[in-house]
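Asks: Sequence:
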Amino acid sequence: MFDYDVVIIGAGSAGLVACKVANGLGKKTALIEKRKLGGDCTWFGCVPSKTLIKSANIAHQMTRLREFGLEPSTAIELNADRVMAHVRAVVQADADGHPPKVLEAEGIDVLFGAPYFLDNHSIDLGGKKISSKKFIICTGSHPFVPSIKGLQDIPYLTNETIFNLEVLPKSMIVLGAGPIGIELSAALNRLGVKITIIQRSADILKKDDKELVDRLVQTLRAEGVEILTGTQTTGFARQGDKIVADIEDEKGDRQIEAESVLVSVGRRPNLDGLALEKAGVEFDSKGIKVDSHLKTTAKNIYACGDIVPPYLFTHVAEYEAIIATTNACFGLPIKTANYDNILWTTYTDPELAHAGLTEEQARQRYGDSIRIYQWEHKDVDRAKTDLAQNGLSKFICDKKGKLLGIHILGHGAGELMHEAQLAKTLGLPFSKIASVIHAYPSYSDAVRQPAKRCYIDILQNNFFIKLIKKIAPKKKE
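Residues are numbered in the working numbering as their position in the sequence shown, beginning at 1, plus a constant of 47.
These are calculated hints, taken from the structure and not from any lab test.
Ideal placement from N, C-alpha and C gives every residue a C-beta, glycine not left out.
Just so you know, nobody snuck in bad clues.
Straight line, CA to CA, 27 Å or less: simulated BS3-like cross-link-like pairs of lysine-lysine:
1) Lys346 with Lys81
2) Lys447 with Lys257
3) Lys425 with Lys253
4) Lys382 with Lys342
5) Lys342 with Lys180
6) Lys447 with Lys499
7) Lys336 with Lys325
8) Lys101 with Lys254
9) Lys449 with Lys479
10) Lys83 with Lys148
11) Lys67 with Lys346
12) Lys175 with Lys74
13) Lys449 with Lys254
14) Lys254 with Lys336
Simulated restraints on C-beta separations:
15) Thr110 with Pro356: 38 to 44 Å
16) Val192 with His145: 26 to 32 Å
17) Gly173 with Thr276: 46 to 52 Å
18) Leu475 with Arg410: 22 to 28 Å
19) Gly116 with Lys217: 28 to 34 Å
20) Gly174 with Thr472: 43 to 49 Å
21) Val149 with Phe377: 24 to 30 Å
22) Lys253 with Arg111: 30 to 36 Å
23) Gln436 with Arg268: 15 to 21 Å
24) Ser332 with Arg247: 14 to 20 Å
25) Asp128 with Thr281: 32 to 38 Å
26) Gly174 with His465: 45 to 51 Å
27) Leu434 with Arg315: 40 to 46 Å
28) Ala486 with Asp171: 54 to 60 Å
Could you put the whole structure together from the sequences, leaning on the hints where they help?
Replies: Right, here's the structure in full:
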């Protein structure tokens, strides 16, 4: 007999979903967490960063009052000293929404500590042996800190520590130009922090569509964010109250300085101390090896979330948790992970939403047979009324009009993309959206209008329409 039917290790987004699914399926379930419930998303990721971004966007809108016909009666000066306290308050309120007692009231045992495997059916937790028929590992990830000379000698920040700041620094060097680095840079810049982003490669947000990324870069630079691409950071040093970075780029060797440094160059899986080898679970530096059913190399152990590469997103963690837990509970490969319809949003202003293939990827795979339908947000009436015309919607279809990629840069892009994502996921032609009645005026025009273009394009290329055009008598002049 085992102590439990299912033990979930890690109480982040994936773990919280997994324990509820297992419990809902009637399994005796335990959830083990090393620190606090909620994981990276609650404490260091989605919740605090989006709260900070909201404050930054409000601060930015305050600078635009005259654009909206509003004349301030006095000079407006914003003090951002309490922003991080506000962020922490929102985080705590969110965390208070899922305390251990709520899970325990549902019949889930919540245990705290740092477990390690004794074999594939048992773990040690604080000196106590706990056995389980099945295990689900979802211990998440942590910031990767590169080996750069002097970096360990300065008080650098990561997404796990930046929200603990009491007062924002006047300037910051940001290492890395992925989603985390770009989002925080854009927000902090609007809150008065002079930002310099250093990116080793030639491009930022390398997984997104280049055309839209280039537009976003123009916007960020116009707002004062300095972005150095193709730049190598070779060292750091403290000089009084400043931090000096040695960099190399096309201009040669030089130095830049700031009050603080944010390291945002990638993530690594939280696997240390689990003794996975004792359980027969194979892994590497990118994470745990799983099959399409999210089963590890140990037949009774599954994994999901950030420790399963390559998509480190909360929504993917929840998706994987349902698959892994269902398969673990039934002991059969009932559900299969399918990543064809992965999507994500980078919450800058304007937002950058992504699903499927970029134009470059689509051309590599399908050649010139692809069809691209675009719509400038300056032509969206609701965007005109809101003075939010900085944007472009881009939809990539195959020759039959099925969506291959969805890319939107604009106000509320993360919300706007889901109508097209639904069509893509269900395999519906993009043109079908054109027949749906949409509210006017709304930002949905940025999806509906290109869908209309797709509909007309398909209609004009229809064999019978072409035939009718060919045999129809021409009007005499």
